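Q: Work from the hints to combine the two standalone chains into their complex.
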Amino acid sequence: MSHPLKPSIPHHLEYIITDPEFLIQEFSLGIGAILQESLMVGADIRRFLPELVGSEAIAHQVFQGQLPYFTIKEVAHYGHNNPNHPVYIDLNLERLNPQSLILFINDVTETAILRQSLVQRVNETELLLNALRRSEDYNRRIITSMGDALLTTNLSGNIKTVNPATLALFGYHEAELKNQPLALLFPDGLPTSLEPQSLQATTIHEDIEVNCQTKSGKILTIAFSCGIIHAQGDNLPVVIYIGRNITARKRVEQEINAALAKEKELNDLKSRFIAMTSHEFKNPLSSILMSVELLEEFALTWHPDKRLRHLQRIRQSTTQMNNLLEDILVIGKADTGKLEFHPQPLNLRQFCQDLVEELQFLAGESHEIILHLHGALAPQYDLDDKLLRHTFMNLLSNAVKYSPDCPRVDFRVGEVEGALIFEVEDHGIGVPEEDQPRLFESFHRSRNVREIKGTGLGLSIVKRAVELQGGKITFRSQVNVGTTFTVCLPLEAGWSS
Amino acid sequence: MVTVSKKICMVGDFGVGKTSLIRRFVEREFSDRYLSTVGVKISRKVVPLPPMDDVDELKLLIWDLEGQTKFKAITPTYLQGSSGVLIVADVTRPETIDHIEDHLQLFFGVNPAGWVAIALNKTDLLDSDERTHVQTSLELNRPQILGPYLTSAKTGDNVDAIFTELAKEMLA
Chain A
1 MSHPLKPSIP HHLEYIITDP EFLIQEFSLG IGAILQESLM VGADIRRFLP
51 ELVGSEAIAH QVFQGQLPYF TIKEVAHYGH NNPNHPVYID LNLERLNPQS
101 LILFINDVTE TAILRQSLVQ RVNETELLLN ALRRSEDYNR RIITSMGDAL
151 LTTNLSGNIK TVNPATLALF GYHEAELKNQ PLALLFPDGL PTSLEPQSLQ
201 ATTIHEDIEV NCQTKSGKIL TIAFSCGIIH AQGDNLPVVI YIGRNITARK
251 RVEQEINAAL AKEKELNDLK SRFIAMTSHE FKNPLSSILM SVELLEEFAL
301 TWHPDKRLRH LQRIRQSTTQ MNNLLEDILV IGKADTGKLE FHPQPLNLRQ
351 FCQDLVEELQ FLAGESHEII LHLHGALAPQ YDLDDKLLRH TFMNLLSNAV
401 KYSPDCPRVD FRVGEVEGAL IFEVEDHGIG VPEEDQPRLF ESFHRSRNVR
451 EIKGTGLGLS IVKRAVELQG GKITFRSQVN VGTTFTVCLP LEAGWSS
Chain B
1 MVTVSKKICM VGDFGVGKTS LIRRFVEREF SDRYLSTVGV KISRKVVPLP
51 PMDDVDELKL LIWDLEGQTK FKAITPTYLQ GSSGVLIVAD VTRPETIDHI
101 EDHLQLFFGV NPAGWVAIAL NKTDLLDSDE RTHVQTSLEL NRPQILGPYL
151 TSAKTGDNVD AIFTELAKEM LA
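For the protein sequence lines, the chains are A and B, in the order given. One point on numbering: in this note's numbering, the residue at position 49 of the first sequence is 49, and numbering is uninterrupted. One point on numbering: in this note's numbering, the residue at position 130 of the second sequence is 130, and numbering is uninterrupted.
Here chain B stands alone, though its shape is the one from the complex (with noise of 0.2 Å):
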């Protein structure tokens, strides 16, 4: 039985639904009240994985940041060591969508190698139209970056597969 463990960071602006997800993903709950992280709150999740040669189960260490103010940039030392970087943007607010691409940068500025996968999220606030629209406007065809997926912590829509799909990656 071997185990791997990777790190991998949570990072967006504040308020778009960080910490929702890792809660979604790691404990199958989700509450609608909105409680803003400080500093860095490390969750853990073996991730079920196909069957491999050489590892039979990943533990992930889920980094979960503050999110970015227009006070508090995302402090770089956090991200040293992850393999991976979750960047999550709220559908509903266009600015935050719009910083994925300086998220990008802080992240490949530490870990050139790394693999992000990007989550637009709270997408149950959309309608299929605005669904289509968004999904469609944000061109990422880059290579280590995964997505945009559209995620909502709230009904667990690609939660699970976002999650999944950014530690095979990660192993690969």
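One chain only, chain A, in its complex shape (with noise of 0.2 Å):
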């Protein structure tokens, strides 16, 4: 194959020669190897590379000399008698005379497939690298807009990381706390729940409750969940820390709590005082109604002294009743802040005194109670003369009442330091040591009171009496040996004149 005006072209170079219209007037021998394609003159090359198809203008102007030359590089081109491995060639079309245009065309698959390598994986960094970075900062953004608190630490429990949440909550700068002990963010050191030794790899541990201290020094409930994670590829393990601060909702918990425990414990004096008063007031209501009957029936017939006794029980009933009713009057009156302290110049001297001799009057032989007065008291005292019966009458007559074998009770009175002391001093029954707790409680007795009759409020009734005075009531007391009271009424200024 020749053609006229063709110049000589270097051997080494593949080509197809067509004219203006893409129909091939000649090609080099190598060339079909190229394309995988067996070429035939005077056929449109574009059946052979329709890689072509769509620059028919451009080759118009390379062929009007408009253009030097038409370049398409590492064309992937499909030849038919392979068509699914493909050769890259690059096309280089130029003009060759005024009848024809020349395309060469140099297989560059090698280097094609070589750089195809090379792409690939700084493609694939970059998207790898593009995902992390996206990855990192929507991780970020999350930790950084949480409203818990983020730490972590590492294995000895040096702090690491914290998010913006951290740093409001405990009211520290960033730089204060990287690479501290997390001990620094609790009042008394790292909590042991919380030592990363503790916790168990693999393990999320959930709503540890501790206190934490923040910088100014308050303290906090925190409840946190952690957990260790190998996170980083030198294998090291990292604590995290996720607290919530539940200061507000435990405190909420705390006053629900004593709420619930305080109706609890009015149900269960309801109970008590239901039980207590069915039965106190059951038996002298009966007695009165035997009494009453009884009277009804043989009035006439009996001797008046027996008529007496009976009318006396009656009568001993109905102050049994009264005193009881009274009982529950002043402690109802103390629970609805009813009961209050009125002090009024008082003869305290005088007042003690009368009130043995009453207390001695009802307690008849069986029992001695000694009044001591010690050392000087000032003619008179602020005192309210109420509480103070209330006090000394349940006190003395509980003395006597809990002593049925021994016989002595002791009331001393006297003014130290500033302060009126009482005492009162029995030898009698003691009071458990387990009863001890509830001494002052309504309804409650001691386990040791047997057939001694009682309602269990008056103790009740002195112990608020006595705080009403803004005084404090000690005892103490052991089973068989007795028991002493101690009441201790400071003397404000003015109190004593």
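Derived by calculation from the structure, the hints in this document are not laboratory data. Since the structure is predicted, the reported quantities are computational estimates derived from the model, not experimental observations. Where hints are given, some of them may not hold.
[What the hints assert, rightly or not] A few chain A residues facing chain B, derived, Cβ under 7 Å:
no. : residue
1   : Val53
2   : Ser55
3   : Ile58
4   : His60
5   : Val75
6   : Gly79
7   : Pro83
8   : Glu110
9   : Arg115
10  : Met290
11  : Glu293
[Said to hold, decoys possible] Computed spacing ranges between beta-carbons, pair by pair:
no. : chain 1 : residue 1 : chain 2 : residue 2 : range
12  : B       : Val46     : A       : Glu21     : 37 to 45 Å
13  : A       : His80     : B       : Arg33     : 23 to 31 Å
14  : B       : Pro51     : A       : Arg134    : 12 to 20 Å
15  : A       : Asn179    : B       : Thr75     : 47 to 55 Å
16  : A       : Val122    : B       : Gln144    : 30 to 38 Å
[Unchecked claim] Computed far set for chain B versus chain A, every beta-carbon distance over 12 Å:
no. : residue
17  : Pro48
18  : Arg93
19  : Gln105
20  : Pro112
21  : Asp127
22  : Gln135
23  : Asn141
24  : Ile145
Every residue gets a Cβ at the ideal spot worked out from N, C-alpha and C, and that includes glycine.
A: The structure is reproduced here in structure tokens:
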């Protein structure tokens, strides 16, 4: 094959010569092998190289000399004879002479495949980095905006990272926490439950409630969830702590619990009150009823002494019920805040003497109540005689009541270092140790009272009365040895005169 | 029977799914595996057209160009003789959407009378909120530009539509 106007073309170049309409005029020998096609003279080149479709206008410009050449590099060409493996070719179209175009075809498959593997790696890396950056940014935004405190430490408990919520919660700057021991955030060092050593790997420990301390010393209750992860390449474990401030919730919980306990206590009290009153009222009422029925039936036939005995029984039962009602009313007043402290000038010496005399009369000859007045008492003190009477009537009558076999009761009164001290000492049955903590509770009675009657209200009234006067009551007691109650009423300026 | 051949080019950053869109459109297939394109690969597809006076069918020659990277720009000579271009961006990579403007300038620099369709690809990775956001955030109210289309080579969403619409405009 030869072309009249073809300059000598170097042998190593493969080419196809066409007319301006892309009809093949001539081609080099090796071109068929490169393109994997069986070329024919006279055929349209676009049958074998569809890559040229759309380039007609440009080819025309080249043919007219308006463009020096037209190049398409690295075209993946799938030949008819080998449709699954592309050859990469560079196409370069030039004007050969006034009748022909020449298309140089260079097989660049080898370099293209090499370049493909290079581009593949670079692009994959770039995509990966991009995804990583986005993911990191996403996570950082979440951690930054989360309301819970998030901290990480190493296994030694040194803080590595903190989020803004942590800084806001504890009032520190980031630099003040980084690389500092986590214990810094706790009033008494790191609690054992949060120590990295006590956390099991692969387990998430939830809702560990601990007290924390802010920079300003404020104590907060924080519920921590924590776990250990192996996050870094060197496989050093990282401890993650997520803390939620539950101080307000805890406070509300405590208030609710206190309210519930109070309610339960009131319920118990009500039950005990009903049990006690029904029992304490029933006995005297039965007694009254029985005496009344007997008097109705036999009053006319009975001896006057016998009638009187029954009338006395009725009176005694009525008094008993009346006293009980009085006690309940006092407790009721104290509970509703209506029991009030009204101090008035009072001759304490006279008050005590009258009280002892009254009680001695009630106790009869079985007991002896001895009043000891220590030191010099002022002629008058500002005291509430009603409350004082509630207090010592109860204490002294208890002393008599609970010492059936030991007749001596001592009542000591004195002024010591700006306070009035009263002591009531008996040598009776005492209060068992188990009952001592609940001694002042309403309706509580010690287990060793046996058949001795009582309501369990007296000491409750005493305690309230003493406290209303700004005083304190204490006691010491031993079973079968005796009990001593000490009441201390502080004398404020102007109390004594 | 009159068949018209038209050349269109796929343009966009690397890894946005140009090859996958062609594969979905031509071969009705999809693969998650990323295989970078070097140089150019030309695919053919006959597009059925609604009845028209002068053209019975359109043979699309789709030039799949090597994606733009920071090391290599798109070779403008590939775009010569192209009646239309499909500019592709990846909705999960905002920078590829930012580069749409550069690709537009490149194409109109070579073919001022050409048509462009914009594909925001990989929308299968977005939830409905994100989809709405992406579609409304891109404003391209210019003549000779179609879209943006929210496409997914994976699910086939809008793939046929974008090629067909672009083909119709190129013939009109």
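Q: For each hint, tell me whether it holds in the structure or not.
A: So, going through the hints one by one against the coordinates:
1. Val53: This hint holds: Val53 (chain A) lies near chain B, its Cβ roughly 5 Å from the closest one there, short of 7 Å.
2. Ser55: holds, 5 Å
3. Ile58: holds, 5 Å
4. His60: Violated, because the Cβ-Cβ distance from His60 (chain A) to chain B comes to roughly 11 Å (cut-off 7 Å).
5. Val75: Cβ of Val75 (chain A) sits 5 Å from chain B, so the hint holds.
6. Gly79: This hint is violated: Gly79 (chain A) lies away from chain B, its Cβ roughly 13 Å from the closest one there, beyond 7 Å.
7. Pro83: It is violated, given that the least Cβ distance between Pro83 (chain A) and chain B is near 12 Å, above 7 Å.
8. Glu110: violated, 12 Å
9. Arg115: Holds. Min distance 5 Å.
10. Met290: violated, 88 Å
11. Glu293: At 90 Å from the nearest chain B Cβ, Glu293 (chain A) fails the 7 Å test, so the hint is violated.
12. B:Val46 x A:Glu21: 37 to 45 Å: violated, 24 Å
13. A:His80 x B:Arg33: 23 to 31 Å: holds, 27 Å
14. B:Pro51 x A:Arg134: 12 to 20 Å: 48 Å Cβ-Cβ, so the 12 to 20 Å window is violated.
15. A:Asn179 x B:Thr75: 47 to 55 Å: holds, 53 Å
16. A:Val122 x B:Gln144: 30 to 38 Å: Given range 30 to 38 Å: holds, Cβ gap about 34 Å.
17. Pro48: Non-interface label stands for Pro48 (chain B): nearest chain A Cβ at 19 Å, farther than 12 Å.
18. Arg93: violated, 6 Å
19. Gln105: The claim stands: Gln105 (chain B) keeps its Cβ more than 12 Å from every Cβ of chain A (closest is about 21 Å).
20. Pro112: holds, 14 Å
21. Asp127: Per Cβ check, Asp127 (chain B) is outside 12 Å of chain A; nearest 14 Å; holds.
22. Gln135: Fine: 20 Å to the nearest Cβ keeps Gln135 (chain B) off the interface.
23. Asn141: Given a closest Cβ separation of 29 Å, the condition holds.
24. Ile145: Consistent with the label, Ile145 (chain B) stays out of reach of chain A, its closest Cβ about 21 Å off (over 12 Å).
In this structure, the earlier hints numbered 4, 6, 7, 8, 10, 11, 12, 14 and 18 are contradicted, and the remaining ones agree with it.
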